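Produce the entire structure from the sequences given, and follow the hints as far as they go.
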Amino acid sequence: MPRLLLLLHTRLALRTTAIILLIVTLLGVVFLALAVYLRAESVQREQQSRIQELLTTVERTAQIGCFLGDRHLAQEVTDGLLSNNIVRAARIEAADGTTLASGRTNSGDPDAATVTRDVFSPFEPGTSVCEITVEPDQDYIDELVAQASNFIGGALLLQLVGIGLCVILVVVRFVTRPITGLSHRLSELEAETGQQLQAPKGNRDDEIGQLVISVNAMIDNLVQSLSEERRLRLEREVEERRYRAIFDNVEAGIFELDGGGFIRSANPAFRRLFGMPGGTNLERHPVAFASLVDDGDGEAQSFVIGDDQGGHDRQWEVALEDGDRKRWVSLILSPLETGRLQGVAHDITERKEAADAAERMAMTDPLTGLGNRRGFDHRLAVMARHHRLYPERCHALITLDFDHFKQINDTYGHQVGDRALSHIGAILADLIRQRDYVARLGGDEFVVLLEGCSERSEVESILARFLDRLRTPLKVHENVEFTVGVSIGIAMLGLDSDDPQQTIKFSDMAMYAAKRAGRNTWRFYEPVNVSQ
Numbered sequence: 001m002p003r004l005l006l007l008l009h010t011r012l013a014l015r016t017t018a019i020i021l022l023i024v025t026l027l028g029v030v031f032l033a034l035a036v037y038l039r040a041e042s043v044q045r046e047q048q049s050r051i052q053e054l055l056t057t058v059e060r061t062a063q064i065g066c067f068l069g070d071r072h073l074a075q076e077v078t079d080g081l082l083s084n085n086i087v088r089a090a091r092i093e094a095a096d097g098t099t100l101a102s103g104r105t106n107s108g109d110p111d112a113a114t115v116t117r118d119v120f121s122p123f124e125p126g127t128s129v130c131e132i133t134v135e136p137d138q139d140y141i142d143e144l145v146a147q148a149s150n151f152i153g154g155a156l157l158l159q160l161v162g163i164g165l166c167v168i169l170v171v172v173r174f175v176t177r178p179i180t181g182l183s184h185r186l187s188e189l190e191a192e193t194g195q196q197l198q199a200p201k202g203n204r205d206d207e208i209g210q211l212v213i214s215v216n217a218m219i220d221n222l223v224q225s226l227s228e229e230r231r232l233r234l235e236r237e238v239e240e241r242r243y244r245a246i247f248d249n250v251e252a253g254i255f256e257l258d259g260g261g262f263i264r265s266a267n268p269a270f271r272r273l274f275g276m277p278g279g280t281n282l283e284r285h286p287v288a289f290a291s292l293v294d295d296g297d298g299e300a301q302s303f304v305i306g307d308d309q310g311g312h313d314r315q316w317e318v319a320l321e322d323g324d325r326k327r328w329v330s331l332i333l334s335p336l337e338t339g340r341l342q343g344v345a346h347d348i349t350e351r352k353e354a355a356d357a358a359e360r361m362a363m364t365d366p367l368t369g370l371g372n373r374r375g376f377d378h379r380l381a382v383m384a385r386h387h388r389l390y391p392e393r394c395h396a397l398i399t400l401d402f403d404h405f406k407q408i409n410d411t412y413g414h415q416v417g418d419r420a421l422s423h424i425g426a427i428l429a430d431l432i433r434q435r436d437y438v439a440r441l442g443g444d445e446f447v448v449l450l451e452g453c454s455e456r457s458e459v460e461s462i463l464a465r466f467l468d469r470l471r472t473p474l475k476v477h478e479n480v481e482f483t484v485g486v487s488i489g490i491a492m493l494g495l496d497s498d499d500p501q502q503t504i505k506f507s508d509m510a511m512y513a514a515k516r517a518g519r520n521t522w523r524f525y526e527p528v529n530v531s532q
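Position one of the sequence shown corresponds to residue 1 (the numbering used here), numbered consecutively onward.
Don't read these hints as lab results, they were simulated from the structure.
One thing to keep in mind: the hints can contain errors.
Stated by the list, open to error - Between beta-carbon pairs, the in silico distance windows are:
id: 1; residue 1: 209; residue 2: 155; range: 35 to 43 Å
id: 2; residue 1: 121; residue 2: 27; range: 29 to 37 Å
id: 3; residue 1: 252; residue 2: 377; range: 31 to 39 Å
id: 4; residue 1: 239; residue 2: 170; range: 30 to 38 Å
As the list claims (entries may be wrong) - Derived pair list, reagent style DSBU-like, types lysine-lysine, alpha-carbon separation capped at 35 Å:
id: 5; residue 1: 475; residue 2: 515
id: 6; residue 1: 515; residue 2: 406
id: 7; residue 1: 326; residue 2: 352
id: 8; residue 1: 406; residue 2: 352
id: 9; residue 1: 515; residue 2: 505
id: 10; residue 1: 505; residue 2: 406
As the structure is a computational prediction, the values presented were derived from the model and not from experiment.
Where a beta carbon is used, it is the ideal one built from N, C-alpha and C, also for glycine.
This is how it looks when you write it as structure tokens:
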């Protein structure tokens, strides 16, 4: 049984035959039952008609026998009816209920259906003289029905079997056999060489022929696709070799990340740039990208995840500690595909250092090494932003102008004057804190920014030490030395004004108040004094 089921599942011809036989059988049973039923009904009607014909035949004789009351003649009529196989019993009764004649061939069902006909007087057609009752022989009728049904059923069954076999032969001959042959030839076909199928004889113009045409068209497309695939594969191999040569030898670091921010591949330049061992298998032991570039606030990690979720190309710079020297690396990350990112890393340390040096030069006074006016403006802008964020904190702005400095240049020369300016700048730089700022705005004008300085006593302490150190004479030659005096003005950003430019003006005003007070001293901005 399992083998038969397997054959039915794998053989189209056998499955088709079985289905056709099943359909023929079902149709045969239905039509056979219908034919038997219809034939039985037909035989029953024929026998009923025959009984009526028998009654019509004996009716004339029965009229005479019943009119005359002749029992002998009535019995002959009864015997004539019983001589037919279809009649089992017959009886003639007079109009008054007297039985004139009766007879029965065999015992039967007492409740069997009977056929009755009234017999009228030959001289008075409307007057009934007797009644003939006939009981059909149902067994005989059933036998006739069975014979007719068997004949019809046998003929119909033979017809259905013949039709089924013919249909099976036609299907096998014109459908399954050509398809089976095509299947065998197709399994042996070397499609990659362009070999094609041939349509079976007699099927070139029908559906099987169209199937062969479609298969051959598919083979042509397959051959073209294979040729194109081979060409693209060769091009890809060439491109991969070219990419590998660039990947391994380029100076820029190239790497790939997965969706979780782990490095899955990196070229030698990237490994050297970030100090990764050359033999590390990143596919088996991936390294977290954030561990190489993150500064501890998690920004790199969140950036990687954000790009993986569909961001655009992003670029930023990170600082790497390399012993005593800081190295700068520029990083670019681009979405490669879903769950993958491609990155490029460049060492920009020299460019960064050059830019920083240029910026320092642009913001540094070349004589004293302190800030210049541009540096002061930049630092003042930073302080202003800080004050807007934290308005409760105050900052001190100190303006210094040295007394009679022009006489020093005129007496000892500009070279000595420059030495004096450098000496003063060194004293200021030594006295202030690391977060404070000193700048030379030009000539002998200096300015100091003290961050987070809310008490005047803090400023006075610094200025007192400054003036104390200025009292020590500056020795120019063996027998030549001099001291420098300075007038100092102080204004408080956040106390005297919230505007940095206004604070500068207030500091200048306080500095001129110090000059008026006798020089070599300091004054805080006082609105009352200004009004005077």
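Hint-by-hint comparison with the structure:
1. 209 with 155: 35 to 43 Å: With a Cβ separation near 40 Å, residue 209 and residue 155 satisfy 35 to 43 Å, so the hint holds.
2. 121 with 27: 29 to 37 Å: The hinted range 29 to 37 Å is violated for residue 121 and residue 27, with Cβ atoms some 58 Å apart.
3. 252 with 377: 31 to 39 Å: holds, 38 Å
4. 239 with 170: 30 to 38 Å: violated, 59 Å
5. 475 with 515: The given pair, whose Cα atoms are some 25 Å apart, holds under the 35 Å limit.
6. 515 with 406: Holds, at roughly 16 Å.
7. 326 with 352: Since the Cα atoms of residue 326 and residue 352 sit roughly 10 Å apart, the hinted pair holds (cutoff 35 Å).
8. 406 with 352: violated, 41 Å
9. 515 with 505: holds, 16 Å
10. 505 with 406: holds, 24 Å
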